[in-house]
Amino acid sequence: MTKSVDRLYAEIKKGNENSIARAISMVEDGTKNALELMKKVYNNVDSAYMVGISGPPGSGKSTLTQRIVQLWREKDLKIGIIAIDPTSHFSGGALLGDRIRMNEIATDKGVFIRSMATRGSLGGLNSSIYDTVLIFSLAGFDYIIIETVGVGQNEIDIVKLADTTIFVTVPEAGDEIQAYKAGLMEVGDIFVVNKADRPKSHQMVLTIEQLVSFKEGKDVWQPPVLSTNALKNEGIADINEWINKHHEYLKEKNLMQANRKNVIRTQMINLMEKDLHEKFIKPILNDEKFEEFIESVYRKDKDPYTAVKKLLSFD
Amino acid sequence: MDKKIKVLIAKPGLDGHDRGAKVIARGLKEAGMEVVYTGLRQTPEQIVRSAVQEDVDVIGLSILSGAHTHLFPEIMKRLKEAGRDDIPVIAGGIIPEDDHQELRELGIKAVFEPGTPISKIVEFIEDEV
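These protein sequence lines are chains Y and H, in that order.
Following our numbering, the numbering of the first sequence begins with 1 at its first residue and continues without gaps.
Following our numbering, the numbering of the second sequence begins with 316 at its first residue and continues without gaps.
A portion of the hints provided could be inaccurate.
[As the list claims (entries may be wrong)] Calculated lysine-lysine pairs in the DSBU-like style (CA-CA distance at most 35 angstroms, straight line): (1) Y/K78 - Y/K309; (2) Y/K32 - H/K318; (3) Y/K3 - H/K337; (4) Y/K14 - H/K435; (5) Y/K309 - Y/K274; (6) H/K435 - Y/K78; (7) Y/K13 - H/K395; (8) Y/K78 - H/K337; (9) H/K318 - Y/K14; (10) H/K318 - Y/K13; (11) H/K392 - Y/K261; (12) Y/K274 - Y/K232; (13) H/K318 - Y/K232; (14) Y/K160 - H/K318; (15) Y/K309 - H/K318; (16) H/K395 - Y/K109; (17) Y/K3 - H/K318; (18) Y/K300 - Y/K78; (19) H/K337 - H/K318; (20) H/K392 - Y/K3; (21) H/K424 - Y/K109.
Hint data in this document are derived by calculation from the structure and do not stem from the laboratory.
Model, not experiment: these values are computed from the prediction.
Sequences are here, hints too, so could you generate the full structure?
In structure tokens, the structure reads:
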């Protein structure tokens, strides 16, 4: 191991913000030193408790995150926040705007906010998200919040990392219920109807209660449906209480280990897909031959099935 | 994975006009950069902390209030204290030409005036990084 990696590791452990930030950039960019660093980090730390916050755009996730963090800060807990926004499939760029709603905790010394773009979503979850969780854990944070827009498979993969997942929605989201049923509704451990001062919020609570009440069985976690008004700081203590209850439940039923093993499984799949992409697919994409193949498939000289097998040299 | 350019777009002080900042943020995103936008009315302390935690490659300050000669020195001072005066800082908004020299002496790398094509800013950032 190189000296600079050792030094970085020691500085992160001390909580040095520049070093934490630098390390996260390194894992995002996939540098060689990042790999060395993460090997050491993985072997020496266990992940802090992870809370996932997901939900449609504009449902108040960042504002809720800020409120929950403020409550935890009263108990002097240290919090790391990973605020994830999507990378544009067209430009590869991203607009990371979650900080706008977290201004009240932006200068709190016990809070570290890092915005991240989903980046190479090829192959599912961006593996640097879990790496960042581990870096935060090394730095001594008590809780880690992973906040993401809940719209697709990528986001479901991200929230599946968390020990407790909070799904946030708003009273007006009623029409989209059908869409939620298939996806994120299944991964929520706690449901929150935010902006509860608006009309029909009670109806929304009932609708979700009905949806989640299908989970049957003695040992099955029954997700609560809470209503909050994040702007006015109402209902936040309830969320905290239910996070604790869910944490207790996971410990009591010995589910923490199973969850963490699943996280490792996901992370290993991510890393394999990333390596396969880098080593095998990327060189093909950058090869002129690939364009020729597309051309000949378009002209129907070749079919795409045979072409792909040939490109990957399977035939 | 490839290195992406990460930019912080921040609005220091009390002016409430962020159309320009948002246009720049969007333009940089479309040029393939990752842009952190912090919203209105940021203190120098907030801006520097964001830059540190996000480990950005460039900081872009947008200001229309005329308080640049008051706020920018404070931001540059705090960046230095945080050990991150290596991050290039650029500025835009309504900044009279008479002040450009003073800002450059402070360490601001460039001042872009209204009407600057986004491509010019993109090019500048790419050169800087």
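Please flag the earlier hints that this structure goes against, numbers listed from lowest up. 1, 3, 4, 6, 11, 12, 13, 18
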